[in-house]
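A.B. asks: Oh and the sequence shown: position 235 is 235 in UniProt numbering, straight run, nothing missing.
Since the hints were derived computationally from the structure, they do not count as laboratory data.
Mixed in with the good hints, there may be bad ones.
Mimicking DSS-like on lysine-lysine, the simulated pairs with C-alpha atoms at most 25 Å apart in a straight line are [what the hints assert, rightly or not]:
1) K362 - K312
2) K205 - K159
3) K515 - K595
4) K37 - K21
5) K483 - K595
Taking CB as the label site, the calculated pair distances span [stated by the list, open to error]:
6) T113 - S17: 18 to 28 Å
7) K613 - G490: 20 to 30 Å
8) I16 - E115: 13 to 23 Å
9) H55 - L592: 45 to 55 Å
Using N, Cα and C, we set each Cβ at its ideal position, and we do this for glycine too.
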Amino acid sequence: MDEFLDEIWGIDRLCISYDIKVEADSKIAAIILLVDKDNIDRISNLSSFKDILDHLKLENSLYGIQVAQIGVINGIKNIEISKLETLNNLKTLKLSKIIDSKKYEQIQRFLNTIEFLKQDIPFEDIKQNFSFYKSLDELNSLADELSRFDKQANDVKEKSNNSEFVISVTGVINAGKSSMLNSFLGSDILGTSNIPETANLSLLKYGKSSIAKIVFYNDEELKRFGIDKRYEDKTVPLSELINYTSAQFEISKYIKMIELSLDLPMLKDNISIVDTPGLDDTVVLREELTKYFMDKSDTIIHLMNASQSSTKKDISFIVDTLQNSKNSSLIVVLTHSDLLSEEELVDVVSYTEKSIKEELLKFGFATNLIDNVKYFKIDNISKNGIYELKNYIYNMFFGKNSQKANLIIQSYLKELKLISSRLIKDMEFKVSKLSKNNLELESDKDRLKKEISNLESKISDTENEINGYLNRLDYSDINFELKFKDAFLGIKDGIILDLKYNESKKTKPDFDRIKTISQSRLKDIITDVLRDIAYQISKDIELIKSNLKDRLKLNSNFSLNIKKFIDDNLNEEKQIKFSYEILEIIKKNLSLEKKSQLLESYFDMFLNDLDLKNMVNKLSKENTSSFKESLKMELLGFKKELENKQSSLEEIFYNKQNSSKDEMEEASKLKKDLNILKDIEKRLNNA
Numbered sequence: 001m002d003e004f005l006d007e008i009w010g011i012d013r014l015c016i017s018y019d020i021k022v023e024a025d026s027k028i029a030a031i032i033l034l035v036d037k038d039n040i041d042r043i044s045n046l047s048s049f050k051d052i053l054d055h056l057k058l059e060n061s062l063y064g065i066q067v068a069q070i071g072v073i074n075g076i077k078n079i080e081i082s083k084l085e086t087l088n089n090l091k092t093l094k095l096s097k098i099i100d101s102k103k104y105e106q107i108q109r110f111l112n113t114i115e116f117l118k119q120d121i122p123f124e125d126i127k128q129n130f131s132f133y134k135s136l137d138e139l140n141s142l143a144d145e146l147s148r149f150d151k152q153a154n155d156v157k158e159k160s161n162n163s164e165f166v167i168s169v170t171g172v173i174n175a176g177k178s179s180m181l182n183s184f185l186g187s188d189i190l191g192t193s194n195i196p197e198t199a200n201l202s203l204l205k206y207g208k209s210s211i212a213k214i215v216f217y218n219d220e221e222l223k224r225f226g227i228d229k230r231y232e233d234k235t236v237p238l239s240e241l242i243n244y245t246s247a248q249f250e251i252s253k254y255i256k257m258i259e260l261s262l263d264l265p266m267l268k269d270n271i272s273i274v275d276t277p278g279l280d281d282t283v284v285l286r287e288e289l290t291k292y293f294m295d296k297s298d299t300i301i302h303l304m305n306a307s308q309s310s311t312k313k314d315i316s317f318i319v320d321t322l323q324n325s326k327n328s329s330l331i332v333v334l335t336h337s338d339l340l341s342e343e344e345l346v347d348v349v350s351y352t353e354k355s356i357k358e359e360l361l362k363f364g365f366a367t368n369l370i371d372n373v374k375y376f377k378i379d380n381i382s383k384n385g386i387y388e389l390k391n392y393i394y395n396m397f398f399g400k401n402s403q404k405a406n407l408i409i410q411s412y413l414k415e416l417k418l419i420s421s422r423l424i425k426d427m428e429f430k431v432s433k434l435s436k437n438n439l440e441l442e443s444d445k446d447r448l449k450k451e452i453s454n455l456e457s458k459i460s461d462t463e464n465e466i467n468g469y470l471n472r473l474d475y476s477d478i479n480f481e482l483k484f485k486d487a488f489l490g491i492k493d494g495i496i497l498d499l500k501y502n503e504s505k506k507t508k509p510d511f512d513r514i515k516t517i518s519q520s521r522l523k524d525i526i527t528d529v530l531r532d533i534a535y536q537i538s539k540d541i542e543l544i545k546s547n548l549k550d551r552l553k554l555n556s557n558f559s560l561n562i563k564k565f566i567d568d569n570l571n572e573e574k575q576i577k578f579s580y581e582i583l584e585i586i587k588k589n590l591s592l593e594k595k596s597q598l599l600e601s602y603f604d605m606f607l608n609d610l611d612l613k614n615m616v617n618k619l620s621k622e623n624t625s626s627f628k629e630s631l632k633m634e635l636l637g638f639k640k641e642l643e644n645k646q647s648s649l650e651e652i653f654y655n656k657q658n659s660s661k662d663e664m665e666e667a668s669k670l671k672k673d674l675n676i677l678k679d680i681e682k683r684l685n686n687a
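Work the whole structure out from these sequences, hints included.
C.D. replies: See below:
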């Protein structure tokens with residue numbers, strides 16, 4: 001570092017401590033590193049550069065810039081900033097003529113001399129660096145204290161500590177998935193004689209004992225293969241797995257997936273890994289299963305053989321994932337990186353990014369989706385690069401910027417606060433009643449009985465009123481077929497235009513492009529229609545909620561989750577079949593006019609088969625019944641609170657009649673417990 005900073009700053013080099021950290025990505029790192037004594041005046045006056053320093057919370061000065069450079073270099077050393085991506089971003093700056101070749105080579109030489117400080121440290125030893133685990137430990141301790149008073153705290157603790165993080169791993173055949181996963185897991189378990197490479201999808205999760213569960217296709221799925229034979233799911237030792245998965249055994253073709261329970265540190269913290277079949281898989285049911293798990297994934301790792309560059313299948317998969325996957329996080333790992341030089345690896349990343357951008361533009365997708373792709377390289381001999389990848393994933397899952405980790409902690413904290421608040425309220429009520437005489441207690445009891453009786457009548461009347469409102473929430477007469485037909489005609493016209501262009505240029509149609517666009521447009525069309533209907537339902541429910549809320553002073557925050565509904569109810573098989581049928585039609589040796597007619601006929605048939613009217617009715621029914629239930633639960637919760645008060649009152653009244661000594665002891669115990677609960681609440685508020 002000394003030599004590099006002396007070289008770029010000369011006598012302007014300042015004496016600054018090396019103990020500096022900054023939060024920067026590889027794009028910021030590249031820009032920070034290019035500043036030197038010759039260009040500082042020009043670059044420091046750029047508004048975009050000022051914004052970068054503001055983001056880093058540093059002043060726009062010689063001192064601030066050199067602090068940023070030391071922080072960036074430390075980030076690369078500590079594997080917090082990707083060296084490969086930084087080099088790629090520097091190359092982009094060179095190609096854009098923002099820096100010249102001499103400057104690029106100067107920074108490149110320096111970056112290639114950097115050695116990573118961190119080694120493959122066990123995850124147990126680095127947990128303490130993550131705010132997620134610090135917060136989790138703190139809340140677990142508070143949950144244990146609360147469980148003394150209410151066992152519900154244990155349930156909340158168990159749920160929060162068992163939140164699953166899922167990684168899906170994809171790649172074409174020979175991309176080196178098994179080798180990479182073995183290095184990633186720290187154990188040579190995949191692709192061995194016991195667990196051979198297989199075309200089946202494998203789910204790897206933690207288990208105290210290492211076993212394999214073989215999941216077979218069910219009756220309905222087998223019917224689609226035209227097969228009647230059925231096998232029951234089996235759990236077997238890992239050593240016996242080869243007897244089922246090997247292609248030489250007939251039973252292998254009936255296997256849907258394999259669940260491997262493994263006692264490995266990487267999996268211990270609720271991380272599950274989905275090892276998918278290759279992108280070359282032709283079995284539709286396996287493709288559906290792969291899509292299902294990828295949609296559930298928190299991140300997707302796509303492997304590419306660096307020495308073979310990015311194939312058309314790689315690029316098509318990446319673009320399809322960026323556009324259609326629920327998860328926007330995609331990691332591209334270049335395997336066999338030992339076969340290429342550092343400069344050649346940068347060229348591979350640059351070429352891949354260029355290909356992705358071109359494909360995104362070709363499909364009409366937003367090119368900024370490429371910002372969601374992260375790149376890593378792995379040396380298949382020395383395994384260099386594995387720790388950098390693991391460190392990135394750990395930070396993505398458990399670091400302070402992890403949305404999922406923060407959501408888990410916020411939800412955990414909220415539930416513990418609700419429990420402590422309710423316990424304190426009940427305890428204060430009991431303490432207050434101990435100080436009253438028998439006549440006051442009797443009066444309170446009678447008053448509470450009347451309140452409960454009035455509330456029961458109120459619940460009954462309100463329920464009837466709710467039913468009256470909800471009966472009016474009927475959306476079965478909405479005419480949405482025309483909108484669908486118009487949208488489908490738009491898909492057809494686009495396909496026919498493409499085919500006309502191909503005919504005029506005497507080129508073959510791009511079937512992958514047509515498949516991706518048609519499937520994407522189908523989902524967009526259905527999403528748009530259902531979102532419009534869901535919005536109308538939401539508006540109607542908000543009006544009803546407002547009327548009831550004003551009268552009953554309820555605090556219901558009900559909302560429609562239209563995205564989840566679409567994901568749960570839009571049949572994946574039909575989506576895949578839709579694009580396949582389109583391809584079958586356009587591959588026929590027919591005139592464009594005839595193909596156009598066949599496409600229109602197929603769209604009409606598909607629309608009927610999709611049964612959107614039923615989907616709309618289901619959307620309406622599910623969400624209105626949930627709304628009704630949410631109101632009912634709040635009313636019943638209020639009633640339960642009053643009943644608890646009455647029960648407490650009767651208990652105290654009984655104790656007051658029987659023993660004043662016991663009463664004093666009870667009061668002392670309650671006050672002590674109340675102080676403990678208030679202390680827990682205080683710590684929860686400060687958590």
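A.B. asks: Each of the hints needs a verdict: does it hold here or not?
C.D. replies: Each hint, compared with the structure:
Between the alpha carbons of K362 and K312 the distance comes to roughly 14 Å, so the proposed pair stays at or under 25 Å and holds. Proximity of K205 to K159 is assessed by CA-CA distance (about 17 Å); at most 25 Å being required, the pair is judged to hold. Between K515 and K595, the direct Cα distance comes to roughly 16 Å. Compliance with the 25 Å bound is thereby established for this hinted pair. With a C-alpha separation of about 23 Å, the suggested pair K37 and K21 falls inside the 25 Å cut-off, and the hint holds.
A hinted pair counts as satisfied when its Cα atoms are at most 25 Å apart, and K483 with K595 qualifies at roughly 22 Å. The hint said 18 to 28 Å for the Cβ distance between T113 and S17, and at roughly 21 Å that hint holds. A C-beta distance of roughly 22 Å is found between K613 and G490, which places it inside the suggested range of 20 to 30 Å. Checked against the given bound of 13 to 23 Å, the beta carbons of I16 and E115, roughly 21 Å apart, stay inside it.
In this structure, H55 and L592 meet the distance hint of 45 to 55 Å, their C-beta atoms being roughly 53 Å apart.
Checked against the numbered hints given earlier, this structure breaks none of them.
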